[in-house]
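Residue numbers (my numbering), protein chains in the order written: chain V, 1 to 204; chain F, 1 to 204; chain P, 1 to 204; chain B, 1 to 204; chain L, 1 to 204; chain Z, 1 to 204; chain U, 1 to 204; chain R, 1 to 204.
A couple of the hints might just be wrong.
Straight-line alpha carbon distances no greater than 30 Å define the calculated DSS-like cross-link-like pairs of lysine-lysine that follow [what the hints assert, rightly or not]:
1. 72/R with 72/L
2. 72/F with 76/V
3. 65/R with 29/R
4. 72/B with 127/P
5. 24/U with 65/U
I should point out that these hints are in silico values taken from the structure, not numbers from a laboratory.
There are 8 protein chains.
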Amino acid sequence: FRQGFPEVIFGAGKTAEQILHIFKHLVYKGNTVLATRVDANSAEEVCRQVEGAVYDSSGRTLLYKPEGYELKTEKKIGVICAGTSDIPVAREAEVTIEAMGHRYVSFYDIGVAGIHRLFAQIEEIRKCDVLIVVAGMEGALPSVVGGLVSAPVIAVPTSIGYGAHLNGITSLLSMLNTCASGVTVVNIDNGFGAGYSASLMLRV
Amino acid sequence: FRQGFPEVIFGAGKTAEQILHIFKHLVYKGNTVLATRVDANSAEEVCRQVEGAVYDSSGRTLLYKPEGYELKTEKKIGVICAGTSDIPVAREAEVTIEAMGHRYVSFYDIGVAGIHRLFAQIEEIRKCDVLIVVAGMEGALPSVVGGLVSAPVIAVPTSIGYGAHLNGITSLLSMLNTCASGVTVVNIDNGFGAGYSASLMLRV
Amino acid sequence: FRQGFPEVIFGAGKTAEQILHIFKHLVYKGNTVLATRVDANSAEEVCRQVEGAVYDSSGRTLLYKPEGYELKTEKKIGVICAGTSDIPVAREAEVTIEAMGHRYVSFYDIGVAGIHRLFAQIEEIRKCDVLIVVAGMEGALPSVVGGLVSAPVIAVPTSIGYGAHLNGITSLLSMLNTCASGVTVVNIDNGFGAGYSASLMLRV
Amino acid sequence: FRQGFPEVIFGAGKTAEQILHIFKHLVYKGNTVLATRVDANSAEEVCRQVEGAVYDSSGRTLLYKPEGYELKTEKKIGVICAGTSDIPVAREAEVTIEAMGHRYVSFYDIGVAGIHRLFAQIEEIRKCDVLIVVAGMEGALPSVVGGLVSAPVIAVPTSIGYGAHLNGITSLLSMLNTCASGVTVVNIDNGFGAGYSASLMLRV
Amino acid sequence: FRQGFPEVIFGAGKTAEQILHIFKHLVYKGNTVLATRVDANSAEEVCRQVEGAVYDSSGRTLLYKPEGYELKTEKKIGVICAGTSDIPVAREAEVTIEAMGHRYVSFYDIGVAGIHRLFAQIEEIRKCDVLIVVAGMEGALPSVVGGLVSAPVIAVPTSIGYGAHLNGITSLLSMLNTCASGVTVVNIDNGFGAGYSASLMLRV
Amino acid sequence: FRQGFPEVIFGAGKTAEQILHIFKHLVYKGNTVLATRVDANSAEEVCRQVEGAVYDSSGRTLLYKPEGYELKTEKKIGVICAGTSDIPVAREAEVTIEAMGHRYVSFYDIGVAGIHRLFAQIEEIRKCDVLIVVAGMEGALPSVVGGLVSAPVIAVPTSIGYGAHLNGITSLLSMLNTCASGVTVVNIDNGFGAGYSASLMLRV
Amino acid sequence: FRQGFPEVIFGAGKTAEQILHIFKHLVYKGNTVLATRVDANSAEEVCRQVEGAVYDSSGRTLLYKPEGYELKTEKKIGVICAGTSDIPVAREAEVTIEAMGHRYVSFYDIGVAGIHRLFAQIEEIRKCDVLIVVAGMEGALPSVVGGLVSAPVIAVPTSIGYGAHLNGITSLLSMLNTCASGVTVVNIDNGFGAGYSASLMLRV
Amino acid sequence: FRQGFPEVIFGAGKTAEQILHIFKHLVYKGNTVLATRVDANSAEEVCRQVEGAVYDSSGRTLLYKPEGYELKTEKKIGVICAGTSDIPVAREAEVTIEAMGHRYVSFYDIGVAGIHRLFAQIEEIRKCDVLIVVAGMEGALPSVVGGLVSAPVIAVPTSIGYGAHLNGITSLLSMLNTCASGVTVVNIDNGFGAGYSASLMLRV
Ligand SMILES: Nc1ncnc2c1ncn2[C@@H]1O[C@H](COP(=O)(O)O)[C@@H](O)[C@H]1O
Ligand SMILES: Nc1ncnc2c1ncn2[C@@H]1O[C@H](COP(=O)(O)O)[C@@H](O)[C@H]1O
Ligand SMILES: Nc1ncnc2c1ncn2[C@@H]1O[C@H](COP(=O)(O)O)[C@@H](O)[C@H]1O
Ligand SMILES: Nc1ncnc2c1ncn2[C@@H]1O[C@H](COP(=O)(O)O)[C@@H](O)[C@H]1O
Ligand SMILES: [Mg+2]
Ligand SMILES: [Mg+2]
Ligand SMILES: [Mg+2]
Ligand SMILES: [Mg+2]
Ligand SMILES: [Mg+2]
Ligand SMILES: [Mg+2]
Ligand SMILES: [Mg+2]
Ligand SMILES: [Mg+2]
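I would like the entire structure built from these sequences, with the hints used as guidance.
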């Protein structure tokens with residue numbers, strides 16, 4: 001049942017050589033290939049040797065789309081992001097969605113303390129079929145969004161914060177205790193997991 | 001946009017009188033009504049006064065389906081459950097699914113330490129469009145299931161365990177760190193949230 | 001410098017006899033007397049013996065206002081409350097404000113997942129000089145309110161929730177990490193502390 | 001309602017280029033501009049290019065006051081600080097107060113283990129309209145100060161300590177459990193939040 | 001080397017029968033006998049059957065002093081107590097000191113938020129050879145006392161508090177991070193351990 | 001009773017000089033010598049000076065087997081490893097087993113999310129007399145393995161993961177709460193402890 | 001491979017009826033049957049209806065040994081227990097060993113603070129093939145025992161303690177960090193797991 | 001009452017210039033001067049400029065004893081240390097004792113897993129008037145020592161360990177839960193606090 005899924009490499013803790021080796025091997029097999037948590041040096045190495053590999057320096061992802069890559073559906077995933085520091089996690093989600101063969105729309109810089117920015121975009125947000133909401137600090141955004149839409153919401157806590165933020169644990173706990181219905185949660189900074197799950201939901 | 005959604009009462013911390021009052025009021029408005037975390041006494045009171053209200057003593061839910069209630073789709077949600085002690089949480093999810101107008105299939109007593117029971121049912125499980133996996137203890141079941149299916153998986157940790165189980169925190173942490181792709185998580189014992197989100201996914 | 005302050009009894013862990021004894025003694029001295037965390041039995045005893053003592057069964061406070069009690073200022077404190085289960089904490093704050101000789105306005109049932117209810121009242125909320133925001137679950141309300149007003153906001157986390165709510169620790173952490181400016185925090189369920197601090201702010 | 005408020009940049013995680021870019025842009029709009037958590041290199045860059053920008057190397061803040069800047073009131077905020085290692089957090093608070101258009105008085109090196117130093121200054125401290133108390137270690141100072149004054153007290157825990165100090169969590173917990181009335185708390189090391197809230201209180 | 005030490009029974013989790021049996025047996029051997037954590041029922045049973053056994057209902061201790069019991073030294077231990085709810089722990093310490101054959105002086109209701117009460121007694125406190133300081137809430141008292149005396153201070157955190165007090169963990173952490181020198185700490189509510197250690201210090 | 005046991009050096013926090021000094025001294029005494037947690041530089045130094053010392057750069061162990069070294073039994077220990085990032089911990093266990101004079105078989109890259117890889121090897125795994133199962137992330141592998149074998153299983157959590165993995169605490173908690181019988185646990189990343197205990201079990 | 005293993009029922013959370021029903025059913029199949037965590041009432045019910053079922057009120061176990069039950073080996077397991085409050089956990093281990101068809105020897109009341117009691121028995125302890133060490137409080141006993149024997153040691157933390165004992169987490173953490181080699185750990189109060197694993201080790 | 005006490009500088013977070021400046025100033029006043037947590041560079045600077053200043057590179061202390069320094073009593077403090085990695089903390093305690101004008105005896109490398117080493121020295125240990133016991137890992141040594149002596153014991157947890165050691169929290173919790181009487185505890189790695197308190201005890 002692996003048909004229709006990209007090959008994915010988790011780059012954290014792997015050397016440039018290891019990533020290059022696996023990446024090349026998978027590209028050779030003809031599939032879409034995604035590598036996450038790739039530092040700039042390793043990425044440069046891969047991009048030099050694999051034509052078509054694209055590095056996103058914000059999300060730290062490497063993506064290779066084979067010939068014949070095309071979107072699987074008209075449906076789309078909204079990716080909402082609280083602060084500019086949360087953007088890398090949003091980007092990891094977005095490139096994952098792309099690797100899965102799906103479409104996304106970005107809504108950045110939508111914090112709960114400036115809620116008019118959310119309302120300015122709510123009509124576009126409601127057009128999305130699934131929503132990913134990325135937030136650090138108090139992690140309140142998924143609750144507010146969840147109350148305004150009827151699509152499923154995937155909340156992604158980030159490690160952005162300090163002191164009692166506990167490296168993201170606070171955002172995570174907050175999201176798990178949301179008073180909005182229809183919100184599920186992934187691990188801290190796990191943009192990949194959110195993008196992957198959102199893509200599966202488009203296929204239900 | 002509340003069309004097609006049940007009215008929901010969170011019964012925890014409410015008196016029998018309060019639950020009865022709200023329940024009656026909502027039934028009167030003609031909608032499907034669901035109450036969760038309802039103790040047996042309150043339930044008895046409601047069932048005596050509201051014809052058609054049904055109490056599930058395992059999941060501790062009260063459900064009232066109005067005339068004309070019907071399933072919204074042919075799709076179905078699989079509810080997998082590790083141990084017998086996890087069944088109440090699974091039941092809360094299932095009745096929620098019913099309240100949302102969807103269909104579920106139960107797979108109970110599927111623990112990771114007796115994995116043949118999972119394999120015995122894997123074909124039926126793979127036919128489900130969304131999966132809810134309920135587990136206490138080490139919370140490993142969603143990882144194993146997630147690796148065997150391509151539908152989205154919602155993991156529900158339960159408070160079943162003792163000692164270093166920390167009232168469910170261990171299962172929760174375990175699920176958030178799953179090595180399977182396509183798994184999202186809700187709060188400990190939150191069968192309602194899982195059933196609600198799964199239902200939204202059927203509508204994507 | 002204790003002029004203009006009520007006498008306060010912390011009732012938790014005190015017997016009915018102890019509370020009665022201290023309460024009577026302080027009333028006798030002619031001051032406003034406030035007792036918090038008083039159970040119904042103790043309250044009944046005090047009310048029977050002390051004319052003018054008023055028990056609030058929701059906030060579990062006993063208040064005695066001496067002859068000549070009057071409001072100290074025209075300014076007022078808004079008390080905003082997320083869910084009905086948070087009302088007891090809001091009530092503890094409100095009665096404390098009253099004991100301090102100040103005025104409050106209540107805004108109940110203003111959850112972040114139904115944010116239109118907040119907007120329906122925002123003009124009245126903005127007329128308040130100080131705001132107390134009481135919330136359990138994900139504790140997101142103070143962030144949203146803080147972004148909409150320029151008065152100081154005191155956030156009160158409550159122990160309302162379950163599972164990963166950790167008896168209020170989640171709401172507390174969330175509030176400490178608010179991305180809104182102008183928000184300070186008190187201990188879980190500490191309505192008294194919020195009401196007291198808000199009153200001091202009116203006197204700045 | 002943003003009238004009378006500075007523009008604020010949170011410098012943590014931003015590059016010198018990003019800070020410079022935003023800072024210049026906001027100065028151009030004619031407002032007071034404050035940047036916090038700015039490292040020396042970024043600050044140097046900004047100061048070279050923006051005339052009138054002042055860097056505080058202890059508090060790591062950049063402040064630009066436009067022509068016509070003046071204090072908004074005669075009231076003043078006392079900033080009390082337990083140990084010399086807590087001074088950077090106190091400085092962040094003080095520069096924020098200045099950015100808000102208010103006045104502060106510093107009381108440094110006032111530890112609870114040498115309480116005569118507190119008493120030596122208590123008369124001056126009592127003249128302040130609002131107090132900010134910054135402390136690491138056991139975080140006891142706000143309790144002692146709170147018991148001696150009737151102004152509102154904002155407690156700021158710091159990350160100064162080791163071992164069971166847990167990077168400031170101990171000071172934070174301690175302050176949240178103060179037995180003094182009239183104390184509210186902000187996040188660990190959040191001098192900005194304390195200065196901002198204290199300034200709002202002056203305007204009540 | 002057990003000469004000069006009482007026999008001690010830890011009553012928690014023992015039945016009245018068990019306590020009675022051991023108590024009688026030890027009294028019979030002619031030694032001083034101390035039992036801690038004894039509930040009223042068990043105590044009544046022991047007192048009925050063992051002449052000379054004395055129950056302290058606050059500290060929940062049973063003490064039997066054999067004929068010939070006398071104080072071992074002129075030195076004395078000061079037991080300082082923050083709030084009235086902390087008195088039971090102070091009492092456990094005091095009866096332990098008595099069982100060890102030493103003398104104590106009590107200083108109750110000395111909270112940090114009303115520090116004048118401490119100063120009113122400081123001369124008497126300074127006459128003590130060792131000090132035990134019992135406190136719940138923010139646990140700040142040992143720091144203040146430690147800064148005012150040159151005797152060794154034993155800090156005893158109590159479980160008195162709520163919310164972020166975490167059943168005493170906050171007081172404990174606070175005391176371990178004291179900025180006063182000469183303070184050591186025992187477990188939460190461990191009046192016995194404090195009294196025992198203080199007594200050993202008198203014998204150094 | 002130290003007969004039949006290697007001399008072991010815990011290299012963490014020791015300088016190259018210290019390790020070399022102790023290593024040489026123990027080799028001189030004629031015993032098998034094992035050093036764990038040795039960085040490459042220290043290892044190079046030892047290997048240059050001690051003939052026969054072998055460095056494993058993955059497990060970061062140094063092993064010296066004296067003349068006459070031989071296996072103590074035909075029995076063998078299976079070392080199962082979830083992800084490639086867990087291999088260093090598995091290697092520490094394996095070299096420890098070798099130092100103890102025992103035999104091991106490696107089963108690498110056996111994750112729960114790809115459970116067919118476990119089944120492909122289950123027959124070989126069942127031939128082992130004791131099993132060591134190394135896993136990070138959700139730590140589910142020991143539960144699955146434990147349910148499939150009747151040999152004792154030693155679970156080794158690793159620090160591999162991020163966010164809510166808490167540096168291995170999640171894997172550890174998960175393993176302690178296994179629903180499989182016959183599983184015991186060692187500290188995070190403690191390959192040495194697992195290898196040592198497994199070897200003792202072979203000698204029972 | 002279930003040959004030679006008892007059937008086990010985990011009684012916690014099961015009603016008397018449920019336990020009785022399963023117990024009877026398993027006895028009927030002719031196997032050894034063990035139920036753990038059985039309260040006195042349920043046990044009485046089972047014992048009345050199942051001839052040969054034996055209840056251990058300390059360990060709260062029910063054991064039924066079928067005709068033909070016999071010990072599988074001459075080897076034996078030592079069960080060492082720190083305090084009398086730890087005995088119930090030791091008993092759960094011992095009855096489990098018996099259910100597995102093995103032999104145990106008890107060494108009770110062997111605390112680290114009275115280490116001569118350990119030395120008085122060390123010769124007998126060294127004759128055991130596997131050791132189970134049960135301890136609450138600081139959980140130090142397995143380290144001391146582990147240093148004196150060369151058999152594998154299984155450490156069982158118990159929930160016996162108060163305050164900073166954290167319901168057994170302290171003992172658990174302590175045991176996981178033992179400086180003795182050859183010690184593995186099971187969950188808090190998990191006498192069953194220890195007895196089961198120890199029995200498997202006898203069969204290696 | 002500061003007569004007979006050294007001046008103490010806490011070097012952590014201070015620059016070489018700051019340490020030098022304060023150190024010189026205090027030496028000039030003619031007192032004993034102690035600085036703790038001093039890195040090698042700062043120390044070199046001080047030693048070059050202050051004749052008589054002595055740096056201990058293990059304990060990272062700087063000590064200056066003025067002319068006329070002499071021991072205050074014949075009594076002595078035993079400093080017991082579990083592993084070689086704990087020695088720096090022991091050294092901090094010892095130099096503090098020296099600064100206080102007291103005498104110490106060192107007992108190093110006394111681990112609980114090799115308890116014969118403790119017994120080999122127990123007679124000398126019993127001659128000490130106060131004991132400091134320094135230990136990382138499971139922190140069991142103070143319990144064992146406490147059971148063998150009748151002098152007061154100060155337990156110092158260290159941050160030596162890994163994984164579930166939690167940077168010393170495990171050792172700390174373990175020591176707070178000791179089953180030995182007469183043990184008090186200081187913060188993790190706080191050799192200074194232990195040495196200071198032990199010295200005060202000699203003066204009781
Ligand atoms: N609900 C409350 N939460 C926290 N502190 C309180 C509360 N109610 C009263 N207090 C404080 O408790 C003090 C009285 O304590 P007590 O003397 O024990 O009755 C008052 O002066 C208040 O500062
Ligand atoms: N030191 C600080 N701690 C917490 N929040 C801050 C701090 N400094 C600035 N902020 C907040 O950060 C916002 C700006 O964030 P940004 O847009 O990321 O620069 C400001 O409006 C403040 O509310
Ligand atoms: N005290 C115990 N602690 C942990 N697991 C246990 C205990 N007693 C029995 N078990 C496990 O629980 C299983 C039976 O669970 P159940 O089917 O719920 O009765 C047995 O196979 C054992 O693996
Ligand atoms: N290693 C240490 N750990 C804890 N407190 C210390 C330590 N060294 C010195 N101190 C305390 O720090 C105080 C001096 O702090 P400072 O004025 O910041 O140098 C001394 O009076 C001691 O009470
Ligand atoms: Mg929604
Ligand atoms: Mg899957
Ligand atoms: Mg605001
Ligand atoms: Mg005050
Ligand atoms: Mg002192
Ligand atoms: Mg097995
Ligand atoms: Mg051993
Ligand atoms: Mg002793």
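Could you grab the alpha-carbon distance between residue 24/U and residue 65/U and see if it respects the 30 Å cut-off?
holds, 13 Å
So if I understand the rule, the pair passes when the alpha-carbon distance is 30 Å or less; does residue 65/R with residue 29/R pass?
Holds - the C-alpha atoms of residue 29/R and residue 65/R are around 12 Å apart, at most 30 Å.
Residue 72/F and residue 76/V were given as a pair; does the straight-line alpha-carbon distance stay at or below 30 Å?
At roughly 22 Å apart (the allowed maximum being 30 Å), residue 76/V and residue 72/F satisfy the hint.
Does the alpha-carbon distance linking residue 72/R and residue 72/L stay inside the 30 Å limit?
holds, 25 Å
For the pair supplied as a hint, residue 72/B and residue 127/P, is the alpha-carbon distance within the 30 Å limit?
holds, 21 Å
Every hint, counting from the list given before, is met by this structure.
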